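Next come the chains, spelled out residue by residue.
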Amino acid sequence: MMRPLRVVRAQLRASVAIALQYRLEFAVEGALALLWIGVTLVPLLVVFGARESVAGWTFPEMLVVLGWFVALKGVLEGTLSPSLLQVIEHVRKGTLDFVLLKPADAQLLVSLSKIEPWRVTDLAGAAVIFAIAFHRLGHPPAAHDVLLAAAMLCCAVLVLYSIAIVVVSIAFVAVRVDNLLYLFQSVFDVARWPSSIFRGVLAFLFTFVLPLALMTTYPALALLGKLTVPTAVAAVAGTLLFAWVARGIWKASIRRYTSASS
Amino acid sequence: MTRILRLYPQLLRTGFAEAVAYRTEFLIWMFSTNMPLVMLAIWAAAARSGPVGGYSQQAFAAYYLAALLVRLMTGAWVVWEMTMEIRQGTLGLRLLRPIHPLLQWSADNLAAVPMRGIVAIPVVAILLWVARAELAHDWLLWLLLCPALLGAWLLYFLVQAIIGTVALRFESAASLFDAWLGFSNILSGYLVPLDLFPHAVRTLALVLPFRFQLSYPVELMLGRWSRGEALELLLAQWAYVALFWFATRVAWRSGLRHYAAYGG
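So the protein lines, in turn, are chains A and B.
Numbered according to this note's numbering, the first sequence spans residues 414 to 675.
Numbered according to this note's numbering, the second sequence spans residues 5 to 268.
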């Protein structure tokens, strides 16, 4: 049971050590991440300059959603995407064989193989956004709400990870579509808004098919103390189902994988 | 000059063949341009209870669909190509050919326009279907749209080329372009229509070149300008194109002197 955790820890340490060799890049990319947080905030500021609330969400409430979005975007673009892009590179070059030969679970090995540590700026930015939001709301979140939000956050990261794994599994079958991950990254941009601003088909699509609601809206609702228990339970169940399916797809595509180079 | 005119069509044909060969990847890149739709989502929700700053839901739809169209039609990626070729040393090969590398890249980027057009057709159809009433009625504005789009593309391409030459001195210029993109997203009207910004920001945006890349062609499509104003703005846009053209030449020449081709 402890072995997978040790593998993850070793993998993390190695990736961070590699990335920290490039100190100038760390500073430059960190500053860029800050700039992009600002860019993300601008439309929201303009919208709420003209409106008190949009689709039932006030400005501070919307900030909480945006905070989760910034944090998760950092996780996605700072750890998941770079690591999984490496898998696609491995598949193309045929070097995935070496990963598969190692005596540990391949999915575990590839998932954290490359990290961009400067994306912690995103997490810091998200913390500042939360602070501003709750300062404006006038009360800090209740302790049990924070706990529930943390649980929802775990679900969000797991779903995000599962989607990324599925996308990469597609790359095994069709090596040509190596930019599918970028497509997903750009679709993820929709998660900056709470899912209730969508209506009709889009609302259904972003809740059940591509569960963007699960990623930012539910953690935000939890932090605001507005998430009902049945929804939370359904979210956890849905997440576990999603992760299980993703794992199945990964295993199936590994089995179909025939080395590219040799 | 006549030699270039003879060569350029061939370069375009080659570029087009390349775009067709990589069609799946190309389409996926196109589909990842969705920011205007993301922005439309929030504004449409905000305008449900009534117009915001003079924009009805339909007006927002027209604005952002037009913005998507302009972005799709004026794409360029030369900065990434330049940084990659400089880092890998393959630029040396290009320099040996009897035609300027920037001309080759421009042909590559322009040759993708027909493929972009295919992706743009459904956007045009939706635009006509959803927000026909919001579009310009003056045929002259639509005629001006052609040079305006070409100017917008040239601005985008030349800025990328200027930033790309930075890579001739330092290893990478991609971060610099990323920063420029951040400002451009706001000041070009890509995320928010410029007239919804507070006065100070709007004044700044109207002087800077960013608006000519996106906002100006979009405004032409929406018929925001009289004929005279539209022509004046077109002149201003092409003045910026000329300025950037000149800057590109200077940056390229001085950058090349620093270029030490590694690898290859």
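The hints are simulated quantities; they were obtained by calculation from the structure and are not laboratory data.
Quick caveat: nothing in here was measured; it's all calculated off a predicted structure.
Note that CB positions come from ideal geometry on N, CA and C, so glycine has one too.
Each hint should be verified, as a subset may be incorrect.
Unchecked claim - Label-pair ranges, simulated between beta-carbon atoms:
{"id": "1", "chain 1": "B", "residue 1": "A21", "chain 2": "A", "residue 2": "L437", "range": "49 to 57 Å"}
{"id": "2", "chain 1": "B", "residue 1": "I125", "chain 2": "A", "residue 2": "V646", "range": "39 to 47 Å"}
{"id": "3", "chain 1": "B", "residue 1": "L97", "chain 2": "A", "residue 2": "G469", "range": "46 to 54 Å"}
{"id": "4", "chain 1": "A", "residue 1": "V452", "chain 2": "B", "residue 2": "T28", "range": "27 to 35 Å"}
{"id": "5", "chain 1": "A", "residue 1": "L618", "chain 2": "B", "residue 2": "R136", "range": "24 to 32 Å"}
{"id": "6", "chain 1": "A", "residue 1": "V452", "chain 2": "B", "residue 2": "T94", "range": "26 to 34 Å"}
{"id": "7", "chain 1": "B", "residue 1": "R91", "chain 2": "A", "residue 2": "L425", "range": "24 to 32 Å"}
{"id": "8", "chain 1": "B", "residue 1": "W81", "chain 2": "A", "residue 2": "I583", "range": "22 to 30 Å"}
We went through each hint and held it up to the structure:
At about 40 Å, the CB distance of B:A21 to A:L437 disagrees with the hint of 49 to 57 Å. Separated by about 45 Å at the C-beta atoms, B:I125 and A:V646 satisfy the suggested range of 39 to 47 Å. For B:L97 and A:G469, the hinted distance range of 46 to 54 Å is not satisfied, since their beta carbons lie about 59 Å from each other. A hinted range of 27 to 35 Å for the beta carbons of A:V452 and B:T28 is consistent with their spacing of about 30 Å.
Take A:L618 and B:R136: their Cβ atoms lie about 26 Å apart, and the range 24 to 32 Å holds. In this structure the supplied range 26 to 34 Å holds for A:V452 paired with B:T94, their Cβ-Cβ distance being about 33 Å. The supplied range of 24 to 32 Å is met by B:R91 and A:L425, whose beta-carbon atoms lie about 28 Å from each other. For the pair B:W81 and A:I583, the beta carbons lie near 23 Å from each other, so the given range of 22 to 30 Å is met.
Of the numbered hints listed earlier, those contradicted by the structure are 1, 3.
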